[in-house]
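Participant: From first to last, the protein sequence lines are chains Z and Y. Using my numbering, the letters of the first sequence correspond one by one to residues 53 to 402. Using my numbering, the letters of the second sequence correspond one by one to residues 3 to 340.
These aren't lab readings, by the way, just hints derived from the structure by calculation. Here the structure is a predicted model, which means the values were calculated and not measured. Note that the Cβ used here is the ideal one computed from N, Cα and C, for glycine as well. Hints are supplied without guarantee of correctness; some may be wrong.
Stated by the list, open to error - DEER-style ranges, computed between Cβ atoms: (1) Z:247 x Y:148: 32 to 38 Å; (2) Z:126 x Y:112: 23 to 29 Å; (3) Z:342 x Y:141: 29 to 35 Å; (4) Y:140 x Z:164: 38 to 44 Å; (5) Z:198 x Y:193: 33 to 39 Å; (6) Y:153 x Z:64: 47 to 53 Å; (7) Y:193 x Z:84: 29 to 35 Å; (8) Y:134 x Z:339: 29 to 35 Å; (9) Y:193 x Z:126: 27 to 33 Å; (10) Y:140 x Z:168: 48 to 54 Å; (11) Y:90 x Z:126: 55 to 61 Å; (12) Z:65 x Y:306: 53 to 59 Å.
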Amino acid sequence: MKRASPFPDVDPAGVPLLEVEGLSTRFRVPGGVVRAVEDVSFTLHAGRTLGIVGESGSGKTVLARSVMGLLPHNADRPGTIRYRGVDITGWSTRQLVGVRGPEMAMVFQDPMTSLNPYMRIGRQITESLRWHMGLTKAAAASRAVALLDEVGIPSARLRADSYPHQLSGGMRQRATIAIALACSPRLLFADEPTTALDVTVQAQILDLLAAEQREREMGMVLVSHDLGVVAGRSDDIVVMYAGRVVEHAPTRTLFAGLRMPYTQALLAAVPRLDRPSHSRAAVIPGRPPDPTAIDPACRFAPRCPYVQARCQAEEPPLVEAEPGHRYRCWYPVAGPLPRSAPAVSPARRG
Amino acid sequence: MAGIGTAHLRAPEDALLRVEHLVVDFPVGRTGLSVQAVADVSFDVLAGETLGLVGESGCGKSTTGRAVVQSPPPTSGRVLLDGVDLCELRGEELRARRPDLQLILQDPISSLNPRRRVREIVAQPLRTWHRGDARGRAATVRSLLEAVGLDPGTTIDRRPHELSGGQCQRVGIARALALEPRMLICDEPVSALDVSVQGQVLNLLEDLKARYGLTIVFIAHDLAVVKSISDRVAVMYLGKLCEVGPVDTVYASPAHPYTDALLQSVPVPDPTVPPRPAPLAGELPSPLAPPSGCRFRTRCPRAQARCESEEPVMRAMGDGHFAACHFPLVVLPPVAGL
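Using the sequences and the hints given, assemble the complete structure.
Facilitator: Following this line, the structure appears as C-alpha cells:
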C-alpha cells in the first residue's frame, strides 16, 4: 500500500513548492568550521526552474543536499525550509525518507558513483517504486521498463537487466534520471546532470529533463557551473560565491542587466564560440577565499576589479535594489562586459 | 568522418609533425578481438602552429595523442617529427627524441607525484637528462616556475596536494617545458579546471607558445576552448578524421554534418537564444563493430545509401579546409581541389 503523505492532497493556491529562508550549512572539522552555505533564501514554484551557478566550492551542491536533508553528521543547518507550506526543517531522517521519492528527488553529477554497481538497473528503479508507491513486484518491474523507455533508453526491457558498468555514460545518466522520476516527484534537484557527458548527449539529457518537467509540472533546481547550460533552461538564477548568494534574479533580467562584478567576471570567463580564435580569455585573478575564515569584508573583494575601501571593511547585504533583482555589492556594475572583447593574436604563425 | 585519405596534408618539408595513416588497435580482453581506437588518421602540424583535436569521448583523440609520443606506439602508420619516423626508432634513438615532444595531461593533480615537492617535480626531467649541475638546475626550476606564473618563494617547497588544480596544472606545464621541447601535446589540459582558472591556463599556453616558439597539439572536447587557442582544428569521430581546416572557417561554415551537430549542441550563455533541440539522437556506436562506409552515417541527418557502401575520402571544401563526406554542407566549387 502507498505510504501516507504528510502533505495536503491539493496545495492551497499561491503556496510555493519550496521556500528556503536564511539557510546556512556549516561543517565542524578539526581546523574549525567550514561555512559552506551562508544565509541563502529563495522560493520555487511548481513548474519553474531555478538555476544555481557558481564555481567549485561555492556551495551549490551543499545547498541542494541541505534541502534534501542529505548531509553528514558533522553538519549544522540553521534556517527554515518549507516544502508545500510545511516546515520540514527539523524533520528526522526517518520523516524525510517519506519526502524523498514521491515529493523530492535528486539527479547526481556522476552516474558511475550514484548508481549501485552491484544492482541491476531495473532493480534500482523498482526499489523506490515498491517502497514509496507500494507497487507489487510485477507492477514495479513493468513500470521500471516503461520509465527506462521514457528516458530514451533503447531496448529498455533488456537494459533493465544490465548492470551500470554495461551502459555508456549517457545511458547511465538516463538511468539515474529514470530512478529520480520513478515516483513522479514534484521537485527535482539536478546537480550538474550533464557535466560528465559529451556535448551532444548533454543536449539530449537537458531536452529530456525539460520535457519531463513540462509534462509533470515539476519544479526543478538545476545546479551547474556552466552559465550556458543554465541560461536557456531556467526561469530564475542564483549566483553563488564562497557560500553566499551574490546575485539572484529572473534569468533574462540577470543576463540583460547583471549588477554583481562576480557574475560579470564569470560570464566574461566563459569561452564562447562567437569569439574569434586567439581571443584572450578573460580571467578572474586569484582564488576563492578560505571557507573557514570569518571576514567582515565582501568575499569577492580580493578578486574584484572594482574593489574600494568599503568593500574590505564591510560585507554588503543581499538587497532587492530593483524589483525581483537582488545582489550583494556596494558598487554594482551596469551589465555584462561588451561582447567584443579585444582580440589579440600573440602567436600567429610567422 | 569515417574519412580516410591524405588530401589535407601539406608539403612534408613544411610540417614539424606529420602523422600518416595512424592505426591503433587494442585487444579486447581474452576474446582475441581487437578494437580499432584510431583507424587510419593522418594530419600535420606546421612549426609554430596550434592544432586543436576535438571529438566526443571515445573518438580516439587521446589515443592519437599518445600514439604520437609512442606511448604506446601505434599499430601501424608513420609519425614524422622533423622528417624522422618515430615509429622506426628503437631504444636509445627514440629516447633521444623524447625531450622534443612533451605531454601535458588532463588531471593536474594525479599527473604529479604526490610525495615530491614542486622543486623536485620540475627538476626531474633535468636530472634524468643530466642537464646542468645542481645549482644550475635550481636556477632553471625557479625561472620555469616564474614563466608559468607561480611564485617560486611560496610554491617551490609545496607538495601537489597543497596546491589548487590550476597551480598543479602550471607545475605540470613547467615540468613539460624543462627540456625545452619543440612540441607540446596537451591532452584536455583545462577540462578539470573551473572556468575562471581555465582562462588563466589558456592565456599562459598562448604566452609560452609565443615566448618559446612552441608548436602545440591541443586535445579537448570543449569546442569553445579549442577555438580560443587553435589555428587549425581537426574533428574526430569513432577513430576517424571528419574534417580539418582553419578553426575560424570550420566553425563558421562546417562542411561535415558531425562538426555541424557538435557546434549546434554547445549551449549559448544567453537566455534570449532559445535552446535548440538536440541535433543528434543516439550515441556513439560500438567501436568493436563500427558501421560500414561512413562511420557517422547511423546518426547523420544527411545519410544516404552511398554512405553505407562507400567510405568517404578527405577532399577540399575551400582554402585549407577539408572534409570526408559524400554530402557536405558547403557548396563545393565546380572544379575540385581549389
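Participant: All hints, please: hold or fail.
Facilitator: Checked hints:
A beta carbon spacing of about 34 Å between residue 247 of chain Z and residue 148 of chain Y agrees with the range 32 to 38 Å that was offered as a hint. A C-beta distance of roughly 27 Å is found between residue 126 of chain Z and residue 112 of chain Y, which places it inside the suggested range of 23 to 29 Å. About 33 Å separates the C-beta atoms of residue 342 of chain Z and residue 141 of chain Y, a value consistent with the hinted range of 29 to 35 Å. Between residue 140 of chain Y and residue 164 of chain Z, the C-beta spacing of about 43 Å keeps the proposed range 38 to 44 Å intact.
At about 36 Å, the CB distance of residue 198 of chain Z to residue 193 of chain Y agrees with the hint of 33 to 39 Å. For residue 153 of chain Y and residue 64 of chain Z, the Cβ-Cβ distance of about 60 Å falls outside the hinted range of 47 to 53 Å, so the restraint is violated. Separated by about 32 Å at the C-beta atoms, residue 193 of chain Y and residue 84 of chain Z satisfy the suggested range of 29 to 35 Å. Judged by the Cβ atoms, the range 29 to 35 Å given for residue 134 of chain Y and residue 339 of chain Z holds: they are separated by roughly 33 Å.
Separated by about 32 Å at the C-beta atoms, residue 193 of chain Y and residue 126 of chain Z satisfy the suggested range of 27 to 33 Å. Checked against the hint of 48 to 54 Å, the C-beta distance between residue 140 of chain Y and residue 168 of chain Z comes to roughly 51 Å, which is consistent with it. Between residue 90 of chain Y and residue 126 of chain Z the beta carbons are some 59 Å apart, a value that agrees with the proposed interval 55 to 61 Å. Residue 65 of chain Z and residue 306 of chain Y have their C-beta atoms about 55 Å apart, which keeps the hinted 53 to 59 Å range intact.
Violated hint: 6 only; the structure is consistent with all others.
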